[in-house]
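Visitor: Given next are the chains, with one letter for each unit.
2 protein chains.
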Amino acid sequence: MHSHSTADRTAGGAGDDGWRIRRTGADLDRLGETESVFALGNGWVGWRGNLDEGTPYGMPGSYLNGFHEQRELTYPEDGYAFPQRADTVVSAQNAALVRLWVTGPVDVRGSGGASDGEPLDLRTGTLHEHERVLDLRAGVVERRTDWSSPAGHRVRVSSTRLVSLPRRPVAAVRYVVEAVDTPVDVRVCADLLANERVPERSDDPRAASVIHDPLTAEARRADGLDGVLVHRTDRSGQRVATAVAHQVSAPAGFATEADFVPDRFRLAVTGRLRPGDRLELTRYAAYECAPVGGVSAAELADLVAAEAHAARAEGFPGLLAAQRAALDAAWATADVVLDGDPELQQAVRFAVFHLLQAGRPDGDRTIPAKGLTGNGYDGHVLWDTEGYVLPVLTYLAPEVARSALRWRHAHLPEARERAAELRLAGAAFPWRTIGGRECSGYWPAGSAGLHVNADIADAVLHYVAATGDREFLAGPGVDLLVETARLWHRFGHWSDDGAFHLHGVTGPDEYTALVDDNLFTNLMARRNLRGAADAAERHPEAAARLGVDAAEIAGWRAAGDAMFVPYDRKRGVHQQAAGFTEQPEWDFANTSSDEYPLLLHYPYLELYRRQVIKQADLVLAMLRCAGEFTAAEKARNFAYYAARTVRDSSLSAAPQAVLAAEVGHLDLAYDLFAETALQDLADLGDKSADGLHLASLAGAWLVVAQGFGGLRDDAGVLSFDPRLPRRLRRVAFSLRWRGHRLRVTLTPEGARYELPDAGPGDAVELWHHGERLQVTGDAAVTRPLPPLPDPGPEPPSPPGRRPARR
Amino acid sequence: MHSHSTADRTAGGAGDDGWRIRRTGADLDRLGETESVFALGNGWVGWRGNLDEGTPYGMPGSYLNGFHEQRELTYPEDGYAFPQRADTVVSAQNAALVRLWVTGPVDVRGSGGASDGEPLDLRTGTLHEHERVLDLRAGVVERRTDWSSPAGHRVRVSSTRLVSLPRRPVAAVRYVVEAVDTPVDVRVCADLLANERVPERSDDPRAASVIHDPLTAEARRADGLDGVLVHRTDRSGQRVATAVAHQVSAPAGFATEADFVPDRFRLAVTGRLRPGDRLELTRYAAYECAPVGGVSAAELADLVAAEAHAARAEGFPGLLAAQRAALDAAWATADVVLDGDPELQQAVRFAVFHLLQAGRPDGDRTIPAKGLTGNGYDGHVLWDTEGYVLPVLTYLAPEVARSALRWRHAHLPEARERAAELRLAGAAFPWRTIGGRECSGYWPAGSAGLHVNADIADAVLHYVAATGDREFLAGPGVDLLVETARLWHRFGHWSDDGAFHLHGVTGPDEYTALVDDNLFTNLMARRNLRGAADAAERHPEAAARLGVDAAEIAGWRAAGDAMFVPYDRKRGVHQQAAGFTEQPEWDFANTSSDEYPLLLHYPYLELYRRQVIKQADLVLAMLRCAGEFTAAEKARNFAYYAARTVRDSSLSAAPQAVLAAEVGHLDLAYDLFAETALQDLADLGDKSADGLHLASLAGAWLVVAQGFGGLRDDAGVLSFDPRLPRRLRRVAFSLRWRGHRLRVTLTPEGARYELPDAGPGDAVELWHHGERLQVTGDAAVTRPLPPLPDPGPEPPSPPGRRPARR
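So the protein lines, in turn, are chains P and F.
Going by this note's numbering, the residue at position 797 of the first sequence is 797; the numbering climbs one at a time, nothing skipped.
Take any residue in the second sequence, count from 1 to its spot, add 806: that is its number in this note's numbering.
Rather than coming from a laboratory, the hints here were simulated on the basis of the structure.
A portion of the hints provided could be inaccurate.
Partial pick of chain P residues on the chain F-facing surface, computed with a CB cut under 7 Å [unchecked claim]: (1) 76; (2) 260; (3) 441; (4) 606; (5) 804.
C-beta atoms are modelled at their ideal positions from N, C-alpha and C, and glycine is treated no differently.
Input sequences plus hints: build the corresponding full structure.
Guide: Right, here's the structure in full:
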């Protein structure tokens, strides 16, 4: 019998400082979720946390950012401009596989004979110990296994994996095998495998579609113990090459052998281990991909082989040291301290770690909704990136935010084509995509979500405001702002009341669709129009290049100024969209707890017309466009919408938490904080197996900074209204602001603002609860936290939908 | 060279009295359209007007009402309650095929040798004459061909086809071949063929999907010259059997031979024809289908064989005579006289003929949108039936209307299941179906069109009002009324203003979707609720059976009375839906004529939010719920909506014509009348190849009776406000009203009302331009037509979209 110990999901005892995510036991029921949690990446290469031996798996995954195949979309009833193809993420060759077979000397039937022995497989034999640890400072996953085969041959195996942050194409694994009590014959096979089996698609419409055997072999190469495989995709026309280079340290008498079978290169190491012996195999893998029409297969093979060899030359200890150094530098800004709640301390570090490793500072790559941790949403980039992830990375790693915005800019041609196809103007960025073209197969909740345009524009404005990067603004920034603004100006219309309206769109909330004047969309479009006007005026040469004249700018300003803001005077609340508060209510009393998420139990026909909200929409508008609302409006709106928001989307908890904190409901804010922070570590949505929810993880940082820290930077003015949750003794976080690192520490005694890296002449101006402060490199500033005004009783959530109390 | 003469689409000279549709020449470019025009049917069997020889074809078609296969529906993004299977009409075995090969005595290479000779094919050889005539009184299609083969062998071929109105399962064809100037060796093959090739689906989303080889062979039988084929469908589980029985009359020396190959039974007749000789082959075909679990293959084969033999026993002249008698009886009520416009005289008779042959008076069969004339819309039944076709057939052939309503009643279980699935109450009838389940693959323009429920209820109420059929009301009628009303009561909601609202539905106009309070839907739902309340009160035992109590009835009445009616006070017009008149206008000035239909050139994102209307919606409400509007409102509404309706749907012209006539724009009404009447004869929408537009054809009768005759029967009160178009000297039509045939004749001298079949004591009460009249079997009544009030200038249509002027 093999043993299953329960997973240990909390930060644990004194020896564990909140920097390590540890799971013990085989935990076979949660394989998929564990693979996501233990995923490693560097914004270019992503390895899911699959077991070294590959099987059993929830879902294998070894991804390259942007590497994808396409599939046909067919519609029961097709329509004009319905996308006919969709990008789908597929794995590159899997270089993470190390399989082990064991036999005892007595049952070997001749060397290289018919029996390979018994494979290490957690489903068989006896598992004496099994532990995996994600070390958030070292940037590695370590695994220790103590296992006896069904025939009783016992081995200790440990592996260490990393995906190198400094070396973009490189990932590596060190695999160590020891015999425990008796000699064991072992065969260790390090595989490089293309077209690994992927489990079938589930019935859940939110899951990924699966393309089997997406890779066609183009070339292979062996050089001693090293190998290269080159494949291509048939429809997307991409070529992908992976090289593996090895180091083997083994007792005398071990044999090594490399061979190919179709779609697989294998290095096999075979020999006898006695107790005390140690077999160590280190694999250095390097990945590249390019359009088929670009670099040739041979050139790509040369390239990855050179990169793998360079990694081997640096050596595994060197890679580990460089990884640590890169993370130390990142954590200096990114670390969040939460004294008083070890579980959430760990969770928020876990969240930030995955954000840090999801993007790249160099080039023009973005971050898909699941990062490179799974194939959920087909690996697509959605508005999650600009709406949730970049608002964090702009503060923590602005180069990564810039890279992601450059990716949008690189796909401006496709967005312009899409706008023309939609009979609009400017650019219509895709609702979901990998390669830049719209891949949404349900337009009411896809192409109609035009707010993605404004989310991108907002991310540009925010990036420029936080960094002061005028060069970016003058180049890609102004292009993005102008072309997105042009869409709004064409799309909207003037009504008799003198207002500018945006009708027939879908806002963030996916339980309504095709509404008039979605408040979030209107306010974000207003910001987009004004931002484009400002940028075009500030950069007249760029404006001229884009054909912008004064009349066009005036048109944007007029539309932005006259943008309609739906408000219900009778109820004293803003409307999520025109008429929203007059829609029928949801019958919560007759909705059972097992009918959530509602979209799996009720038709859109019911959902769309009722006041039931999947995710923060108007509440998100109150966060992103904070200056458009008074404090009283925020309080009333928050209460009204909290009662109708079921949080069937993981995008909801974080903005709700921030607004709950702002309007004074700190306990509710804290419980919502826990929900967003634990989304994947506790698999709250039962969907983490498909990949991590990066927006939810980003939300954890946002709640700390914006909810507890009260951070806002509307119109480039940095302000804090800190509030310390009852549960916490200390909250600390940092952000980069115009070249400086600003550290904010909240304790019951007050808020401390400091610039730890700055020189004496450096200064940052900020506002603390309405007081203007100057923080300099010389002088940290501390101010007391004002007492919280009594916000009254907590607004009700829908029955059964309040977040769990902590 | 073969010759192409142009098609002759007008009623022609003095010899052609408007009862014959004649096409000459090969007309190969219009094959599909011609096949639809020359389609024959009897509401059970439908034969498209394919050439006897089968090829070339636009699309082969031999249909049985209700016989279908199913296909999987797959969605790029699936959703709750999205239908997973769709019914698709497929052909039964084709028994209409008679192929001819000719050779001269000199090129025969031995009898039965390798060469079959040259096939009669209009694409080869020389076509001296080719004529097809649909005789609307005889109920047959006659074809004459005078053709020389490429080698110069000349034959005259004539065929006569009928699908028997009195004999439900029977169709027949008589095929005659003569040599013209020299002896010719001929081989005539009468085929019975399953799984005939069907052309591929086009890109047009409105076209049918194609299932290849839908029939699986189960049994075959030969008996002398006669044969039977039995097949089944795999997914829908239906069994279909076709028998063919033959008579051959040939000169001496001819040989006959019957054989099978897979999926085909063939009777071959071979011999030499000398000038003056005549070969005559008559085929009698009989069709039945049944669920696979019902009648066995052998039993079904017995049944069809017996029916084919019985038809042969009656003989072709007997079938012709019975066909003529059935049509004489039908035309007595159904004929429409239009003196002054031979083209439209012919067109309206053509329209009525196709309506008459589309349905069956016996049983419980309905009429698909294309009848049995093509596979457009996958052969589905849509709301066209209750919305357009039954309003006519209730007057002309009420037994057929009853049969169609019984079909709805038979599928009440599926509609109840669907309502439960949609989390609603009562019954939710499908937007499109063959077998009774929802087959719509695009829910915003499918399942959201809940008005189909009210259309069915209205058809019940109208049928009962026109016939006085209390027995139907007490049985199926009350079931249909109650279950449809229950859906509205559950679906709607009360608002603070005390009104009852229906939000998030799609009305008739498919260029808007998911709107609040669609006026048509609301008024029809009001009628539905009140009709259910009345019926339940009148039939308490039926109400008790359905669990209806007084409180439920009171709820229906309250909802109906409080139903919200959207009205724009500022513009003084009703709104198609709440807020419609405040939506942005369509940019007609920048829409080119080749961008219609708009749905093929613009996304729904643009169409849905603008004031552009595909088809009559509010205007249809003014026809169907005439009493809900004042005359002044009708005039203002008509003008407002006429300017925004592009008529991209063939459902639009007829109701617009009726309302144009009512508000006094008779020239516009007449031009719209021509558009609906010529929809298929002139293939105005370029879509007639997929089958005839039965709703458009029904519209032709509706314009005569409701537009020119001013016929209304709101609340069971029969009224006429006749207006004679300038172009016409005389308009006459009849209708059945509570067991009587009422004939109405309009001339410049006045309107004459008579009961030609009634006895002296029989009477019908009606209103003529507000005057109450009693028409009895004794005494026709004539009243003058009042002068038309000046309605002012004709309201503009969208640029370029006014119907052609006659």
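Visitor: Work down the list of hints and note, for each, if the structure agrees.
Guide: Hint check results:
1. 76: holds, 2 Å
2. 260: violated, 37 Å
3. 441: Interface hint status for residue 441 of chain P: holds (2 Å vs cutoff 7 Å).
4. 606: Interface hint status for residue 606 of chain P: holds (5 Å vs cutoff 7 Å).
5. 804: violated, 26 Å
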